[in-house]
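**Student:** Given the structure of chain U, go ahead and fit chain R onto it with the hints provided.
There are 2 protein chains.
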Amino acid sequence: MGGDHAPASVLRGAEMALIRHPGIRFILYGNRYILEPLLQDIPQLKAASRIEHTEVVIAGDDKPSLAVRRGRQSSMWLAIESVKDGKACAIVSAGNTGALMAMSKLILRTLPGISRPAIAALFPTLRGESVMLDLGANVEASPQDLYRFAIMGSAFARAVLGLNRPSIGLLNVGSEELKGRDEVKEANQLLKNTNVDINYHGFVEGNDIAAGVVDVVVTDGFTGNVALKTAEGTARLIRTYLKDAFNASPISKTGAFLATGAMKVVKDKLDDRKRNGAMFLGLNGIAVKSHGGADAFSFCHAISVAVELVTHHINSRITEEITGTDTQPMPNYSAELAQVIEGEVD
Amino acid sequence: MGGDHAPASVLRGAEMALIRHPGIRFILYGNRYILEPLLQDIPQLKAASRIEHTEVVIAGDDKPSLAVRRGRQSSMWLAIESVKDGKACAIVSAGNTGALMAMSKLILRTLPGISRPAIAALFPTLRGESVMLDLGANVEASPQDLYRFAIMGSAFARAVLGLNRPSIGLLNVGSEELKGRDEVKEANQLLKNTNVDINYHGFVEGNDIAAGVVDVVVTDGFTGNVALKTAEGTARLIRTYLKDAFNASPISKTGAFLATGAMKVVKDKLDDRKRNGAMFLGLNGIAVKSHGGADAFSFCHAISVAVELVTHHINSRITEEITGTDTQPMPNYSAELAQVIEGEVD
Numbered sequence: 254m255g256g257d258h259a260p261a262s263v264l265r266g267a268e269m270a271l272i273r274h275p276g277i278r279f280i281l282y283g284n285r286y287i288l289e290p291l292l293q294d295i296p297q298l299k300a301a302s303r304i305e306h307t308e309v310v311i312a313g314d315d316k317p318s319l320a321v322r323r324g325r326q327s328s329m330w331l332a333i334e335s336v337k338d339g340k341a342c343a344i345v346s347a348g349n350t351g352a353l354m355a356m357s358k359l360i361l362r363t364l365p366g367i368s369r370p371a372i373a374a375l376f377p378t379l380r381g382e383s384v385m386l387d388l389g390a391n392v393e394a395s396p397q398d399l400y401r402f403a404i405m406g407s408a409f410a411r412a413v414l415g416l417n418r419p420s421i422g423l424l425n426v427g428s429e430e431l432k433g434r435d436e437v438k439e440a441n442q443l444l445k446n447t448n449v450d451i452n453y454h455g456f457v458e459g460n461d462i463a464a465g466v467v468d469v470v471v472t473d474g475f476t477g478n479v480a481l482k483t484a485e486g487t488a489r490l491i492r493t494y495l496k497d498a499f500n501a502s503p504i505s506k507t508g509a510f511l512a513t514g515a516m517k518v519v520k521d522k523l524d525d526r527k528r529n530g531a532m533f534l535g536l537n538g539i540a541v542k543s544h545g546g547a548d549a550f551s552f553c554h555a556i557s558v559a560v561e562l563v564t565h566h567i568n569s570r571i572t573e574e575i576t577g578t579d580t581q582p583m584p585n586y587s588a589e590l591a592q593v594i595e596g597e598v599d
Numbered sequence: 254m255g256g257d258h259a260p261a262s263v264l265r266g267a268e269m270a271l272i273r274h275p276g277i278r279f280i281l282y283g284n285r286y287i288l289e290p291l292l293q294d295i296p297q298l299k300a301a302s303r304i305e306h307t308e309v310v311i312a313g314d315d316k317p318s319l320a321v322r323r324g325r326q327s328s329m330w331l332a333i334e335s336v337k338d339g340k341a342c343a344i345v346s347a348g349n350t351g352a353l354m355a356m357s358k359l360i361l362r363t364l365p366g367i368s369r370p371a372i373a374a375l376f377p378t379l380r381g382e383s384v385m386l387d388l389g390a391n392v393e394a395s396p397q398d399l400y401r402f403a404i405m406g407s408a409f410a411r412a413v414l415g416l417n418r419p420s421i422g423l424l425n426v427g428s429e430e431l432k433g434r435d436e437v438k439e440a441n442q443l444l445k446n447t448n449v450d451i452n453y454h455g456f457v458e459g460n461d462i463a464a465g466v467v468d469v470v471v472t473d474g475f476t477g478n479v480a481l482k483t484a485e486g487t488a489r490l491i492r493t494y495l496k497d498a499f500n501a502s503p504i505s506k507t508g509a510f511l512a513t514g515a516m517k518v519v520k521d522k523l524d525d526r527k528r529n530g531a532m533f534l535g536l537n538g539i540a541v542k543s544h545g546g547a548d549a550f551s552f553c554h555a556i557s558v559a560v561e562l563v564t565h566h567i568n569s570r571i572t573e574e575i576t577g578t579d580t581q582p583m584p585n586y587s588a589e590l591a592q593v594i595e596g597e598v599d
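Taken in sequence, the protein lines are chains U and R.
Per my numbering, the very first residue in the first sequence carries number 254; after that it's consecutive.
Per my numbering, the very first residue in the second sequence carries number 254; after that it's consecutive.
In isolation and in its complexed conformation, chain U is listed as follows:
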């Protein structure tokens, strides 16, 4: 029920995902009186889905702490719980990011050895696509956090980008060992000396992200969020410059018309919808966040991300590498409730 165009774009996205991945089945958490009429027009999806009815919806501007306390019957809460209970393999939501993160942490808990989950997503680069994390789950990260983000990001890149040994870079302000923040320098040492099999490249700088110097860019959630949004803002700036310049004269308009195909190629490459679907990495269950403004095509991609992560057993991989085992203890989440409400949630 979450997101700017929900539930219609969510259902249409699920319909598209069903064509891509015919084996999947959906549990739709939400208001049956809204969902059922919409499903009438999408018989294939109707056949592959069942509705779990609830009328409680977390709003986009609800505070995460409040959502966690009062939203126990919400579509978001129940959907996350279905993952914990083993009824679903993954949850995908276009709803309130903070609430989704808070509830997911509380219900799913973190994987053994992980204290902080991280948000990971894809970036366009000169070489194709790269993974970046954390994009905002934690405004700070210790050297150990950054080290674990690197391992989690590596597993994510293998699952979603299909790479064998993705290269990992640590975002810094220079490539020399002496530069940067202490936690970044310490994480560099941890990554250089680890016996976990990861392909650690070393430091990368801001301009290396889009250059695709590495497959996985590791940073704290503050820096990652700023970098992601700065890149988006820069792309929008250039798009506006181009549009204005093309419209400035009849000749340039003609030129732009002839170059329509070329511009479409560029637009496609920069199309964020193809990269929709950020994972909350490090949780004991797969939770994928779609952009709130997602249309059907975009939401379909978020579902595909979830499918890839399930297929590739991402959490078993992370756990194996972090702890050397793949045991996943069942969480006792209610004990943690007070702590989360007290302020663990960003």
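Calculated from the structure, these hints are not laboratory results.
The structure presented is a predicted model; accordingly, all values stated were derived computationally and were not measured.
One or more of the hints may lead you astray.
Capping the alpha-carbon separation at 25 Å, the derived lysine-lysine pairs in DSS-like fashion look like this [as the list claims (entries may be wrong)]:
#1 R/K316 x U/K438
#2 U/K506 x R/K438
#3 R/K496 x U/K432
#4 R/K527 x R/K496
#5 U/K316 x R/K438
#6 R/K316 x U/K506
#7 R/K432 x U/K316
#8 U/K496 x R/K432
So the derived list for chain U, only partly shown, Cβ under 7 Å to chain R, looks like this [stated by the list, open to error]:
#9 M269
#10 I272
#11 P275
#12 I277
#13 V426
#14 E429
#15 K482
#16 P503
#17 I504
Here are some chain R residues the structure puts well away from chain U; computed CB gaps all over 10 Å [to be verified]:
#18 I277
#19 I287
#20 E308
#21 S395
#22 V426
#23 Q442
#24 N460
#25 V479
#26 K482
#27 T483
#28 L495
#29 G545
#30 H565
Yeah, the Cβ is synthetic: ideal placement off N, Cα and C, and Gly gets one too.
**Tutor:** Quick look at chain R alone, frame taken from chain U:
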């Protein structure tokens, strides 16, 4: 003598700057046996300059700590000293950034009330240009540092952008008061409650930089450096996408040909050379850093930045606002030497 194309591009840049600002005079620190033959071809510049001879040059890859210890006779050191001694109003250099910063801190010292200088420079935005600082002088910043960066950035924007009451934004991961790092939240309180006359807007996010939501974006040097380089990398990515797409077919090539004028407009707007010249704000003297790869046009712009800052008495303005007075005590820099060499220099 510093920079990839020095000293030829430096001299040609000075020649261009002399046309823009006929009143300026230059002291050229460097090797007279190299400079004099070049000046033969630039008689106007020769007439407006004198050479202070030295054969010692700081290399681009010299460590700042070493440069500070061993570079006392270097062109960089002597040029900075000329500002301290009142022989020059400002120094402009395309040399080693770390060495220039370390030497400038040591020789010029910081302004009263300022503990950390910051690097400020201009960004292109949808509304024109904005200032961003810190771009890398400090990998961390306390709430008080961020507060002072805001005041310094405001003075810089008035001098360089000619604005009366530039608006100031604090870079964060969300616009709500509860979001972000503690130091950013505290700086927000300081800026909201200050009685200094600045036009404080509140939090901005990464995408607001290029949108031009505020005239001055304030952040720590780690985040600022990553944001600056991420924007550069994104612009390069899109440029490459466009070039490849335009070259893909005869029709798009024709389109690109007709749109040459439009593309030139966009290229001009994104041309970093027009924004060359980053100031080390907060030092007791004006030190402007040109990009190392600057050509003559670009270096000329860095000189123009220095001229604007001198003309607008930037340091008196900053001091007035920080301390309520405009006294500028003469620094006793030798006492600080040991400390700087021990590790104050980033």
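**Student:** Hint by hint, say whether it matches the structure.
**Tutor:** Tested hints:
| no. | hint | in the structure |
| --- | --- | --- |
| 1 | R/K316 x U/K438 | holds (18 Å) |
| 2 | U/K506 x R/K438 | violated (47 Å) |
| 3 | R/K496 x U/K432 | violated (35 Å) |
| 4 | R/K527 x R/K496 | holds (22 Å) |
| 5 | U/K316 x R/K438 | holds (18 Å) |
| 6 | R/K316 x U/K506 | violated (52 Å) |
| 7 | R/K432 x U/K316 | holds (11 Å) |
| 8 | U/K496 x R/K432 | violated (35 Å) |
| 9 | M269 | violated (26 Å) |
| 10 | I272 | violated (29 Å) |
| 11 | P275 | violated (34 Å) |
| 12 | I277 | violated (33 Å) |
| 13 | V426 | holds (4 Å) |
| 14 | E429 | violated (9 Å) |
| 15 | K482 | holds (3 Å) |
| 16 | P503 | violated (10 Å) |
| 17 | I504 | holds (5 Å) |
| 18 | I277 | holds (33 Å) |
| 19 | I287 | holds (29 Å) |
| 20 | E308 | holds (27 Å) |
| 21 | S395 | holds (14 Å) |
| 22 | V426 | violated (4 Å) |
| 23 | Q442 | holds (17 Å) |
| 24 | N460 | violated (4 Å) |
| 25 | V479 | violated (4 Å) |
| 26 | K482 | violated (3 Å) |
| 27 | T483 | violated (4 Å) |
| 28 | L495 | violated (6 Å) |
| 29 | G545 | holds (14 Å) |
| 30 | H565 | holds (28 Å) |
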